[in-house]
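Take the two lone chains and join them into the complex the hints point to.
Going line by line, the protein sequences match chains A and Y.
Here UniProt numbering is used: the first residue of the first sequence is 1, the next is one more, and so on.
Here UniProt numbering is used: the first residue of the second sequence is 1, the next is one more, and so on.
Cross-link-like lysine-lysine pairs, in silico, DSSO-like; alpha carbons within 27 Å at most: (1) A:K194 with A:K233; (2) Y:K80 with A:K281; (3) A:K281 with A:K315; (4) A:K315 with Y:K80; (5) A:K344 with A:K220; (6) A:K194 with A:K220.
From the derived model, a few chain A residues whose C-beta atoms are all more than 12 Å from chain Y: (7) T12; (8) P171; (9) G212; (10) R216; (11) Q224; (12) D231; (13) R347.
No lab work stands behind these hints: they were computed from the structure.
Since the structure is predicted, the reported quantities are computational estimates derived from the model, not experimental observations.
All C-beta atoms, glycine included, are put in the ideal place defined by N, C-alpha and C.
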Amino acid sequence: MQCGRARAARMTLPHYVCETPMFMPVGTQGSVKGLTSRQLEELGCQVVLGNTYHLENRPGSELVAEMGGLHSFINWPRGMLTDSGGFQMVSLLHLADITEEGVTFQSPTDGRRMLLTPEHSIQVQNRLGADIIMALDDVVPSTAADDARFEEATHRTTRWIDRCIAAHGRPTEQNLFAIVQGGLDERLRDISLKGLVARGTPGYAIGGLAGGEDKRSFVKVVSQCTAGLPDGKPRYVMGIGYPLDIVICSALGADMYDSVYPTRTARFGVALVPEGVLKLKNAQFAADYRPLDEECGCMVCRRYSRAFLHPLAAKGLPFATNLITYHNIAYMMRLSQQIRDAIKEQRYPAFVRDYVARQFPAGDYPEWVVESCRLAGIELGSSGGGAGDGKAAAADGSAAAADGSAAGAAAAAGGSRQGGAAADGAG
Amino acid sequence: MFAVSHRDGDARSGELSTPNGTIATPGLLVYTHRGGSMNLTPDMLEPLRAAGLQGLQLDVLQFLNQPTPGVLSGGGGGRKFLALDAPGTVLVATGRDPAIYEYTGAMRQATNEWASGAATVTPERYVEALAAVRPDVWVALSDDVPSDSRTDRAAKSVDRTAAWLGACLAAAQQQPGLAAAAAWAVVQGAQYQHERQRCAEAVAGQPGVSGYVLGGLGTGESPEQRQQIVQAVLQRLPAGAPRMLSSVGTPEEILEAVAQGIDLFDTAYLLDVTNGGYALAFPLSQEADEAEQQRRQQQQRGSAAEAAVGAAAVAAAAAAGVVGKRAADECGRDDSKINLWALAYRTDRRPLLPGCTCFACANHTRAYVHHLLQTHEMTGQVLLEVHNTHHYLRFFAEVRKAIAAGRFAAYRDWFLQRRQRWLVGEGGRQ
Ligand SMILES: [Zn+2]
Ligand SMILES: [Zn+2]
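Isolated chain Y (complex conformation) (with noise of 0.2 Å):
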């Protein structure tokens, strides 16, 4: 059941409800790896729940072997088995793994189980991994390419995703472990609006699909070729259905996505994010960026006030002073994260990100995880997903609340604005 409650221009926010729970849209779905998050044990996963936290992501191709489907059904089930049986946990089982495409378009290559998956499963093979999954919502295979294919390869892929749509719902009739949960199915098409569109009808209105998936984006195109594609498909797509992206996901582009009215999300930014040892610390509204704003101002005006008073050698070592804490605040930092491996913050008592409240904030300093980047300790990628997973969380929530507030266009140009301002001015500097 999807039922949108707001719209403000084509983005909306709405409310999907499944029989285990709910997630507000626009949302994002938490990327799991054969149903565990990359670093986070249960016990610091659950308390994410409070930024927001509802709706995980599954690959059901990691359930075709090791473990197989008979293990998982033996087991009680995907969500007994991988203990994601929490009450209020969405689980959406896709057919594919956002981590396989980095968010930058190119095939990864450390987790590449896509080639050995996609050569042996068939949509009865699928069906089966999904009903031992037992998710609340689930993604029908598709014939995933990426946007620069040749045509008549983007042809075929269109040919067959409208066709395993077919099979898996057939095959899903045999399940009644599937009876509950809603199918959604994929659009794809690579590039080429023609055959997006084609796919669209082709998939629009089939008995039994209550939802879309935009498969095969995030590999290569660009943001306007993105935008056309995004917007010829739902022009396609019955108007109160949930739409989700997947493989799309750094703000600016959730932004966009959410500006065309897309619901939801799959992504491995994240991942990226914390893999590469960034911690968020982009603002989350205006009024926190402006106070912060404020507050570098009043900084900058009082060591400015200092070196004007002192003699010439407490002005120097004032200047240093401020060029220190420049440093420090500027160094390994862009407009929406800082880098935990610079040495700027070897020293730097403050959270993550102050005024954050997840755990990691709450209990450990910058100093702290830079060293345990350094040291190569697993720890520090546990910290930073902590803290990356809540802020984007808590980012969603905002852009829900400037939706149904009706000032989702002031709060994206607002965002956008701020990225320019930091590429001309701040990071300029640097």
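Chain A on its own, in the form it takes in the complex (with noise of 0.2 Å):
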């Protein structure tokens, strides 16, 4: 179903049928923070990633294949998607370095080189058995690198995916997605979608975003990269976590998101609003007995107050983390829902004019937020101008200026790529 350039699909895979757009949770190491499989599963999550470099790392992908899979490891009946592990190597790891033949690092159990080929990482997440696997990318930062640099990774990306295709054991049973590369150059990213496009991949990825690029790039990229892609096949902008930057790329025809923003953010006791954020450890909430969101309807809004939440939260307490992740889940899934409902029901712009307009009360839309709508075909209407180019996090008035704690580190668009570096840092 279309509406404009939003759609609304059905994605089949082998363990589940997915709706999209969708938000998909990170479950790094095999478990979304602190929340059980069932749980997730209760909570209407139709995929789960898994990090690749982390798995590899422990428990291993031959004993995961021992155990049965992923999915069978853990315990999980639906989706499943890993990535390639090369980014996680090049952000994590020091003196990291890419080759034609892959990316070498260190160990960092015992610090001899490693080689990390497209071979590989297939043959890795072969063995974990995700429903979705992804190809290994040459990823450069989008903000950090010369022009140079840029043509050589987007050419050698698409020399990979031939040996990513090459390798792949299992294509009967786990879908590979190329990931479309470029940085912020328009030609390169061209050059990169027609290449990709050219080897008919089951689905495909937007990557070197979410890496601290101003939005209005962003926005650009995610645009032409949707318009370039063939219609009847999924498109996943890879580490998109921030509710209002999803609204947006599937206003533009994308339909597929991960990111650990919602789960990170919420270990620094902030919870996901229709408004934007609510930044529990303030003083403000002490004696207010509102739910967290009074639309929401979820297991932690329908027993529990912002009153009480709040000290749980300002003493950083498990527990606490564990209800608001539990929340900002259920906050993503909804999002979600009602993104695919009101493209199915010829709706769509009027849902973003709403959506927008609650997260900037005041009208003063960023100026990225007004030129993608009308990049979709969306007309926003009024704007307060000279909002210039926000950060898209917390449009709660009080909060405004997103959650201190996590700017760092979310300052792009959260994700899993960031992910990985946060969840060891702030672990």
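The structure is reproduced here in structure tokens:
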């Protein structure tokens, strides 16, 4: 079902038939922060991510294979997606170095030089057994490299996809997604798109974003890529977790998102609500008897008030983190559902207008939001203008400046990609 | 209302009835911190009712500030504010967080909020917080001192505990919200029998007091010392009143105390077990124990036979297999629990405890829990807490069953002998 550029679709995976657009929570090491797989099912999660780099470290893909694959190991009956592991090596490890052969890095356990090749990444992901596996791409941070490096990375990613396809041992059980690269350069993105589309992989990801680039460039790339990708294949914007970003990217025709933002921000006592975020550590919630989100109705919102959660969050108790994590996932699942419903009912533009208006009640819409909506064919109407290149986080009047503690790593759009680093740093 | 239904020696079983539900005794109060279980969201806690969850322990001192009594009352009182209002949930409010002390007796560092709480709390403030919590049973404020306190400090604690009981009862009269709640007194006096007796006599039979708590134990006294104190105190308390032992909680300690006539326990034992990465794994009954023994023997006989028949190489391989199996069973375990940190569980597809019907055992493997611990994922604690709470609640149910059937002494003997057998047998082999 199409509504402007936005689309609602059904994606059939070996373990589950998914409805898109959808947000996929990140279970880096085989669990989503404190939640059980049963709870994820009850919350309506369709696909859970696993991080190949972490899982290969512990418990190791061979052990996972011996235990019947990732689904069986963590007892998760629905869809799973694993990343290639390359990004996390580049971002987590010092001395990582990319050559035509693959990514060389220093083993965190014994310091030896190791090499992750496209073949090796696919082999590991074949052992883990997720429904969707990701090609190893040549990752360049979108903000910190010269043009020549981007040019090289773009072409190398295309060369590597052939090696990934050739190495893929379970093509009927696992869907290999290619990742579009090319930095913020329109020409390079175009080259990447053409090369990868020609390979006809079952799905495509838009990579190299969520790394701190400005929002306007970010949306421009997403818009270009969704326009250039085939209609009949899923489009996955990697590392996107801010609710507003998901609403916007869906307007541009993207289908899948993942990020540790909802779970990570919960650890800082931040709850997601339609107006933006609630920073529960703030004293203003000490006697606020409303649920986190009056429209939510999740287990946490049915039982607990902001006043109950405030002192627990202020003390950083695991119980508070568990409850807020639960709610935040519920929020992301409900948002995904609302997006799907609005598209199916042909009222997505109105949905976007309402959503943006709630996040910016003063009408001071950031320019990138206005512009991206225009790209999507959605007129937002009056804009206060001048709010500039906002970072799309908190819009709660009292807590306007995004949550301080999380701001550093989340300055980009959160993302499992940052997530790995964040999980280690803040764990 | 407390009614004893069966007596078996000094042990007894019965029922404590409150406006919001009943607790079968001997019973376990499940520990909460600020009204929440340590790791379990309500949807994980609720199903434990089927295993016997009835009573929750709350520490009143955690509701003096952040949140204040005013915030609690504004939110409809503790039951509603803390979302502990499911039918059948009995709230018992005490003045001591059992997790402040290790069950071995040492003061805890991490959760030591006692010092700041005690510095400012008065009986009046305490009762104000109590009224906001709206418990079914409340325990009076007492001057809680460890067993090895000096004699003058112990004497002072007895005087204070008696005086604070009076002040609490008087203040509670002014609180309509506490009218239906039962008031229990604490007996202090450190390790000194005469002080314990003096305290028991001072609080026993005070008008308005319907139950008693033995406080200040689990703080380093020897099992013999504790037994003597419990005996001396119980002799001086009304026989028909419920008696709670605070902050003592290993299975052996529970059995010893039940044998002396204790009815109720609050303890951080499960917290310690869970935080240590352990899953309780002791058999709940003699029958289950014997079946397990038989199974093991058969296994060993089977592999011994295999080894005898085969050639040397086959025998060696079989022996290696046996050693492997034994290692998986015995490394990282003692007579009552297994340690999921142990590498032996890396590929163990069995549930935490085969045969257990808890959520964790029904859905997940030892290998998964081991992995979650190794990677410091919170879900590991969640699964362990579910299992441990479930198993311990069932243990208490077995204790009650044994008393009702008049075979508690045999049950206790079996349990303690099992431990001996372990120490000289299986445990010694490691
Ligand atoms: Zn909610
Ligand atoms: Zn269990």
